[in-house]
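Engineer: The residues making up each chain are set out below.
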Amino acid sequence: MAYSDKVIDHYSNPKNVGTLDKASKSVGTGLVGAPECGDVMRLQIEVDQATGVITDAKFKTFGCGSAIASSSLATEWLKGKTIDEAVKIDNMDLVEELNLPPVKIHCSVLAEDAIKAAINDFRSKNGLEELVFEQSHV
Amino acid sequence: MDPRVLEAMLPYFVENFGNAASRNHSFGWQAEEAVDYAREQIAQLIGADPKEIIITSGATEGDNLGIKGVFEMYASKGNHIITCTTEHKAVLDTCKHLEKLGAEVTYLEVQPDGLIDLKQLEAAMRPTTILVAIMYANNEIGVIQPVKEISAIAKKHGALFFTDAVQAVGKIPVDVNADGIDLMAFTAHKMYGPKGVGALYVRRKNPRVKVTAQLDGGGHERGMRSGTLNVPGIVGFGKACELARLEMASDTERISKLRDKLENALKQIDESYVNGNPAHRLPHVSNISFKYVEGEGLMMGFNKDIALSSGSACTSASLEPSYVLKALGLGDDLAHSSLRFGLGRYTTEEQIDFTIKAVTDTVLKLRDMSPLWEMFKDGVDIDAIQWAHH
Numbered sequence: 000m001a002y003s004d005k006v007i008d009h010y011s012n013p014k015n016v017g018t019l020d021k022a023s024k025s026v027g028t029g030l031v032g033a034p035e036c037g038d039v040m041r042l043q044i045e046v047d048q049a050t051g052v053i054t055d056a057k058f059k060t061f062g063c064g065s066a067i068a069s070s071s072l073a074t075e076w077l078k079g080k081t082i083d084e085a086v087k088i089d090n091m092d093l094v095e096e097l098n099l100p101p102v103k104i105h106c107s108v109l110a111e112d113a114i115k116a117a118i119n120d121f122r123s124k125n126g127l128e129e130l131v132f133e134q135s136h137v
Numbered sequence: 000m001d002p003r004v005l006e007a008m009l010p011y012f013v014e015n016f017g018n019a020a021s022r023n024h025s026f027g028w029q030a031e032e033a034v035d036y037a038r039e040q041i042a043q044l045i046g047a048d049p050k051e052i053i054i055t056s057g058a059t060e061g062d063n064l065g066i067k068g069v070f071e072m073y074a075s076k077g078n079h080i081i082t083c084t085t086e087h088k089a090v091l092d093t094c095k096h097l098e099k100l101g102a103e104v105t106y107l108e109v110q111p112d113g114l115i116d117l118k119q120l121e122a123a124m125r126p127t128t129i130l131v132a133i134m135y136a137n138n139e140i141g142v143i144q145p146v147k148e149i150s151a152i153a154k155k156h157g158a159l160f161f162t163d164a165v166q167a168v169g170k171i172p173v174d175v176n177a178d179g180i181d182l183m184a185f186t187a188h189k190m191y192g193p194k195g196v197g198a199l200y201v202r203r204k205n206p207r208v209k210v211t212a213q214l215d216g217g218g219h220e221r222g223m224r225s226g227t228l229n230v231p232g233i234v235g236f237g238k239a240c241e242l243a244r245l246e247m248a249s250d251t252e253r254i255s256k257l258r259d260k261l262e263n264a265l266k267q268i269d270e271s272y273v274n275g276n277p278a279h280r281l282p283h284v285s286n287i288s289f290k291y292v293e294g295e296g297l298m299m300g301f302n303k304d305i306a307l308s309s310g311s312a313c314t315s316a317s318l319e320p321s322y323v324l325k326a327l328g329l330g331d332d333l334a335h336s337s338l339r340f341g342l343g344r345y346t347t348e349e350q351i352d353f354t355i356k357a358v359t360d361t362v363l364k365l366r367d368m369s370p371l372w373e374m375f376k377d378g379v380d381i382d383a384i385q386w387a388h389h
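Chains A and B, in that order, are what the protein sequence lines are.
If you read the first sequence in numbering that gives the first Met the number 0, its first letter stands for residue 0, the second for the next number, and so on.
If you read the second sequence in numbering that gives the first Met the number 0, its first letter stands for residue 0, the second for the next number, and so on.
Among the hints, erroneous ones may be present.
[Stated by the list, open to error] Quick list of in silico lysine to aspartate or glutamate cross-link-like pairs, DMTMM-like style, CA-CA up to 25 Å: (1) B:Lys356 x A:Asp8; (2) A:Lys21 x B:Glu108; (3) A:Lys14 x B:Glu373; (4) A:Lys24 x B:Glu349; (5) B:Lys376 x A:Asp120; (6) A:Lys5 x A:Asp120; (7) B:Lys154 x B:Glu108; (8) A:Lys5 x B:Asp367; (9) A:Lys14 x B:Glu108; (10) A:Lys78 x B:Glu373; (11) B:Lys266 x A:Glu35; (12) B:Lys376 x A:Glu45; (13) B:Lys88 x A:Glu35; (14) B:Lys303 x A:Glu96; (15) B:Lys303 x A:Asp8; (16) A:Lys124 x B:Asp380; (17) A:Lys124 x B:Asp174; (18) B:Lys356 x A:Asp4; (19) A:Lys124 x B:Asp377; (20) A:Lys21 x A:Asp83; (21) B:Lys303 x A:Asp4; (22) B:Lys376 x A:Glu35; (23) A:Lys78 x B:Asp367; (24) B:Lys50 x B:Glu252; (25) B:Lys364 x A:Asp20; (26) B:Lys325 x A:Glu35; (27) A:Lys21 x B:Asp377; (28) B:Lys364 x A:Asp120; (29) A:Lys14 x B:Asp174.
[Claimed, not checked] Non-contacting residues of chain A with respect to chain B, defined by C-beta distances greater than 10 Å in every case (computed): (30) Ser3; (31) Asp20; (32) Val31; (33) Arg41; (34) Lys78; (35) Lys80; (36) Ile88; (37) Glu96.
If you're looking for bench data, these hints aren't it; they were derived computationally from the structure.
Built from N, CA and C at the ideal position, the CB exists for glycine as well.
Just chain A, same shape as in the assembly (with noise of 0.2 Å):
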């Protein structure tokens, strides 16, 4: 299958590879996917309690090139972003930036689910409740 250009460039070059301090309170930490499905993404925000901008954004993810570039496209959409414009980033933006095939879509909503995880584990560790989604396009 032939990738796009896109996606091969955010597997050659990826943006934001790296680990922030989980146990920080400004840190949230999605962890989704699992390993017997071929993927598993680990994304965290490090987000201004003041002004609620990310200002920092890593991932880690364990899959094919597809799934590599959703998570370091996220990474890249989320810096500077506040919590309430991260949680409408949409899958469906992901896959129309990349390219992505019918069957690689489910990168995509890795992506978006990953980024909802984190916003949620950074919610919950300051004492905010967390949010309730609505299924992504599959």
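Given chain A, work out where chain B should sit, using these hints.
Structural biologist: Just chain B, lined up with the frame of chain A:
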């Protein structure tokens, strides 16, 4: 394809275009002669008589004709077939199809090294067993089954022995008499011949084996497989068999050295594991799991330069990891982390050196971005995590 094969085929497209079944003009005779000659070349590679070679469109057809043909022909003797879980889909799906038509099929599990357990085979034999269908060598992991012992057990219980030998014929010595094979499917393109042509070996003596035709029509191929013969393809198949017979020993020596070099280098990577019994294996195959790295993502690091396949079939619609690796007892996670390396007549030492470096670099790079690798390094028990299955 070997250029020498193409050279042998070319005259049969334009200059000698006769139909091998047309016996009343010289064009037909030439074509018939060419097919006869090719049939001898094919037979010689496997120690058979040319009359025992039924030309097919490839091994999928050979598997279908061999298994369905025996099931139908020997229906009065019984309806039980024994096969194993690591067979090619052309065998497994044929058996499943026959189950719907009243066959009873035993699917033997394989041991962790990929070999079947002969005691289990012995125990599975019934008075109604008509066929034991076990592959000669596995396509994904290269493991060679103990065919002599298997055929002896089948014979002792009055059953026929069929083997899918696609991966073995042309790569290692296969002799239908020494190995006790009654029926054997193989194909040209796995030995540098053209695609779309193969053969089913059907024993004619001790015992005389018959199969019911699955393609009815003009009664070609001794009535077992009707259809106008693909003369250029058959000529190419014959040439490929001849080359394999003459060059197998030197090819094998060279290729197995390169395979061992590749494998020994890649085994140096932490947490990498070779799949399949190393002592009973084809010389040109290596299957390795690189833990905590996903196979498709790994292949993407070098798929422009190296053609490989992954045990993680994430590219297909099914998203299922290799059933062969799972049959060895590998968990889905390890099956997702596996690559199959196939070497051949044209593999060079430079390519092997390049592959070693490309695979090693990519594994290390992907591990740096693998959350599982980080957990493993931090001593986290990955199996204890409650993963959300999606």
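Engineer: Does each hint fit the structure? Answer for all of them.
Structural biologist: Evaluated hints:
| no. | hint | result |
| --- | --- | --- |
| 1 | B:Lys356 x A:Asp8 | 21 Å, holds |
| 2 | A:Lys21 x B:Glu108 | 44 Å, violated |
| 3 | A:Lys14 x B:Glu373 | 18 Å, holds |
| 4 | A:Lys24 x B:Glu349 | 52 Å, violated |
| 5 | B:Lys376 x A:Asp120 | 24 Å, holds |
| 6 | A:Lys5 x A:Asp120 | 30 Å, violated |
| 7 | B:Lys154 x B:Glu108 | 21 Å, holds |
| 8 | A:Lys5 x B:Asp367 | 21 Å, holds |
| 9 | A:Lys14 x B:Glu108 | 45 Å, violated |
| 10 | A:Lys78 x B:Glu373 | 23 Å, holds |
| 11 | B:Lys266 x A:Glu35 | 23 Å, holds |
| 12 | B:Lys376 x A:Glu45 | 24 Å, holds |
| 13 | B:Lys88 x A:Glu35 | 22 Å, holds |
| 14 | B:Lys303 x A:Glu96 | 23 Å, holds |
| 15 | B:Lys303 x A:Asp8 | 14 Å, holds |
| 16 | A:Lys124 x B:Asp380 | 24 Å, holds |
| 17 | A:Lys124 x B:Asp174 | 70 Å, violated |
| 18 | B:Lys356 x A:Asp4 | 24 Å, holds |
| 19 | A:Lys124 x B:Asp377 | 23 Å, holds |
| 20 | A:Lys21 x A:Asp83 | 21 Å, holds |
| 21 | B:Lys303 x A:Asp4 | 13 Å, holds |
| 22 | B:Lys376 x A:Glu35 | 19 Å, holds |
| 23 | A:Lys78 x B:Asp367 | 21 Å, holds |
| 24 | B:Lys50 x B:Glu252 | 32 Å, violated |
| 25 | B:Lys364 x A:Asp20 | 22 Å, holds |
| 26 | B:Lys325 x A:Glu35 | 11 Å, holds |
| 27 | A:Lys21 x B:Asp377 | 14 Å, holds |
| 28 | B:Lys364 x A:Asp120 | 28 Å, violated |
| 29 | A:Lys14 x B:Asp174 | 56 Å, violated |
| 30 | Ser3 | 12 Å, holds |
| 31 | Asp20 | 13 Å, holds |
| 32 | Val31 | 6 Å, violated |
| 33 | Arg41 | 4 Å, violated |
| 34 | Lys78 | 18 Å, holds |
| 35 | Lys80 | 22 Å, holds |
| 36 | Ile88 | 18 Å, holds |
| 37 | Glu96 | 18 Å, holds |
In this structure, the earlier hints numbered 2, 4, 6, 9, 17, 24, 28, 29, 32, 33 are contradicted, and the remaining ones agree with it.
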